[in-house]
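Let the sequences and hints guide you as you build the complete structure.
So you can see what is in the structure, the chains are spelled out below.
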Amino acid sequence: TQLLEQSPQFLSIQEGENLTVYCNSSSVFSSLQWYRQEPGEGPVLLVTVVTGGEVKKLKRLTFQFGDARKDSSLHITAAQPGDTGLYLCAGPFSGGSYIPTFGRGTSLIVHP
Amino acid sequence: KAGVTQTPRYLIKTRGQQVTLSCSPISGHRSVSWYQQTPGQGLQFLFEYFSETQRNKGNFPGRFSGRQFSNSRSEMNVSTLELGDSALYLCASSLPSGGAADTQYFGPGTRLTVL
Numbered sequence: 001t002q003l004l005e006q007s008p009q010f011l012s013i014q015e016g017e018n019l020t021v022y023c024n025s026s027s028v029f030s031s032l033q034w035y036r037q038e039p040g041e042g043p044v045l046l047v048t049v050v051t052g053g054e055v056k057k058l059k060r061l062t063f064q065f066g067d068a069r070k071d072s073s074l075h076i077t078a079a080q081p082g083d084t085g086l087y088l089c090a091g092p093f094s095g096g097s098y099i100p101t102f103g104r105g106t107s108l109i110v111h112p
Numbered sequence: 001k002a003g004v005t006q007t008p009r010y011l012i013k014t015r016g017q018q019v020t021l022s023c024s025p026i027s028g029h030r031s032v033s034w035y036q037q038t039p040g041q042g043l044q045f046l047f048e049y050f051s052e053t054q055r056n057k058g059n060f061p062g063r064f065s066g067r068q069f070s071n072s073r074s075e076m077n078v079s080t081l082e083l084g085d086s087a088l089y090l091c092a093s094s095l096p097s098g099g100a101a102d103t104q105y106f107g108p109g110t111r112l113t114v115l
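Residue numbers (this note's numbering), protein chains in the order written: chain A, 1 to 112; chain B, 1 to 115.
None of these hints come from the bench; they were simulated from the model. Note that beta-carbon positions come from the ideal geometry of N, C-alpha and C, so glycine has one too. A hint or two may mislead.
[Stated by the list, open to error] Once the Cα atoms are required to be at most 25 Å apart in a straight line, the calculated SDA-like pairs of lysine to any residue come out as:
no. : chain 1 : residue 1 : chain 2 : residue 2
1   : B       : K57       : A       : S26
2   : B       : K57       : A       : S31
3   : B       : K57       : B       : H29
4   : A       : K56       : B       : Y105
5   : A       : K56       : A       : D83
6   : B       : K57       : A       : K59
7   : A       : K57       : A       : K70
8   : B       : K13       : B       : T38
9   : B       : K57       : B       : Q41
10  : B       : K13       : B       : G62
11  : A       : K57       : A       : A68
12  : A       : K70       : B       : Q41
13  : A       : K56       : B       : L95
14  : B       : K57       : A       : P92
15  : A       : K70       : B       : G62
16  : B       : K57       : A       : E41
17  : A       : K57       : B       : Y105
18  : B       : K57       : A       : N24
19  : A       : K59       : A       : S26
20  : A       : K59       : A       : S27
21  : B       : K57       : A       : E5
22  : B       : K57       : B       : E75
23  : A       : K70       : A       : L11
24  : A       : K70       : B       : K57
25  : A       : K70       : B       : G58
26  : B       : K57       : A       : T48
27  : A       : K70       : B       : T103
28  : B       : K57       : A       : I99
29  : A       : K57       : B       : S94
[Said to hold, decoys possible] Quick list of the computed label-pair ranges, beta carbon to beta carbon:
no. : chain 1 : residue 1 : chain 2 : residue 2 : range
30  : B       : G28       : A       : V50       : 15 to 25 Å
31  : A       : P8        : B       : T38       : 18 to 28 Å
32  : B       : G28       : A       : L58       : 42 to 52 Å
33  : A       : H75       : B       : N59       : 28 to 38 Å
34  : A       : L3        : B       : L83       : 23 to 33 Å
35  : A       : N24       : B       : N59       : 13 to 23 Å
36  : B       : P61       : A       : P39       : 21 to 31 Å
37  : B       : P61       : A       : G53       : 34 to 44 Å
38  : A       : P8        : B       : E82       : 25 to 35 Å
39  : A       : S27       : B       : A2        : 20 to 30 Å
40  : B       : F69       : A       : E17       : 45 to 55 Å
And the structure:
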């Protein structure tokens, strides 16, 4: 059972389109992080959201943390080929100690 | 500042063998975590070491072990390899702030193939 469910699993779009990817859980997280992983590389942290309802912007990327801190979304405006990669959400799952938990990711391909 | 380095980058082993992977964290980082990434299960936490002590552990069998040295470099070992151990093994380092939302910096990973 995945604690963090990401959707969609795959996304193939044309340059200039907008998209949203989702990260959902039945558990409350004290914070959620979004990473992007490119082929042959490790994940790179994009943002950390910690407050319910929080919205953070990183150039064309907008991240939102749900009010109940159980879900998050990543919206990309006017996608570019350089946005291609695997987008992962992650959070610390508290089962006595904090265990980093990752969703399975959304694989995004942006065609020029 | 140099990033996290992992060696080797690629490794091919056969079932039953054992393997040792190495990770050098960013200078000054004292926490090192290891992850297994597979297409089916995604990125899964193996364990974390801080100041040469295992601080957290994921849900993996005892065949997976690790250690950290006084210079914060870390190794992980997998004994009696199984086909299902084929994966990308990622190492991440972070500063010891003690928070659950520490920023982790990942290395490029070691691609292990078990035949």
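Hints, one by one, checked against the model:
| no. | hint | verdict |
| --- | --- | --- |
| 1 | B:K57 to A:S26 | holds (23 Å) |
| 2 | B:K57 to A:S31 | holds (20 Å) |
| 3 | B:K57 to B:H29 | holds (19 Å) |
| 4 | A:K56 to B:Y105 | holds (20 Å) |
| 5 | A:K56 to A:D83 | holds (17 Å) |
| 6 | B:K57 to A:K59 | violated (36 Å) |
| 7 | A:K57 to A:K70 | holds (20 Å) |
| 8 | B:K13 to B:T38 | holds (17 Å) |
| 9 | B:K57 to B:Q41 | holds (17 Å) |
| 10 | B:K13 to B:G62 | holds (19 Å) |
| 11 | A:K57 to A:A68 | holds (20 Å) |
| 12 | A:K70 to B:Q41 | holds (21 Å) |
| 13 | A:K56 to B:L95 | holds (23 Å) |
| 14 | B:K57 to A:P92 | holds (13 Å) |
| 15 | A:K70 to B:G62 | violated (32 Å) |
| 16 | B:K57 to A:E41 | holds (24 Å) |
| 17 | A:K57 to B:Y105 | holds (21 Å) |
| 18 | B:K57 to A:N24 | holds (24 Å) |
| 19 | A:K59 to A:S26 | violated (30 Å) |
| 20 | A:K59 to A:S27 | violated (29 Å) |
| 21 | B:K57 to A:E5 | holds (22 Å) |
| 22 | B:K57 to B:E75 | holds (15 Å) |
| 23 | A:K70 to A:L11 | holds (23 Å) |
| 24 | A:K70 to B:K57 | holds (24 Å) |
| 25 | A:K70 to B:G58 | holds (22 Å) |
| 26 | B:K57 to A:T48 | holds (23 Å) |
| 27 | A:K70 to B:T103 | holds (20 Å) |
| 28 | B:K57 to A:I99 | holds (8 Å) |
| 29 | A:K57 to B:S94 | holds (24 Å) |
| 30 | B:G28 to A:V50: 15 to 25 Å | holds (24 Å) |
| 31 | A:P8 to B:T38: 18 to 28 Å | holds (20 Å) |
| 32 | B:G28 to A:L58: 42 to 52 Å | violated (25 Å) |
| 33 | A:H75 to B:N59: 28 to 38 Å | holds (33 Å) |
| 34 | A:L3 to B:L83: 23 to 33 Å | holds (26 Å) |
| 35 | A:N24 to B:N59: 13 to 23 Å | holds (22 Å) |
| 36 | B:P61 to A:P39: 21 to 31 Å | holds (29 Å) |
| 37 | B:P61 to A:G53: 34 to 44 Å | holds (41 Å) |
| 38 | A:P8 to B:E82: 25 to 35 Å | holds (31 Å) |
| 39 | A:S27 to B:A2: 20 to 30 Å | violated (36 Å) |
| 40 | B:F69 to A:E17: 45 to 55 Å | holds (48 Å) |
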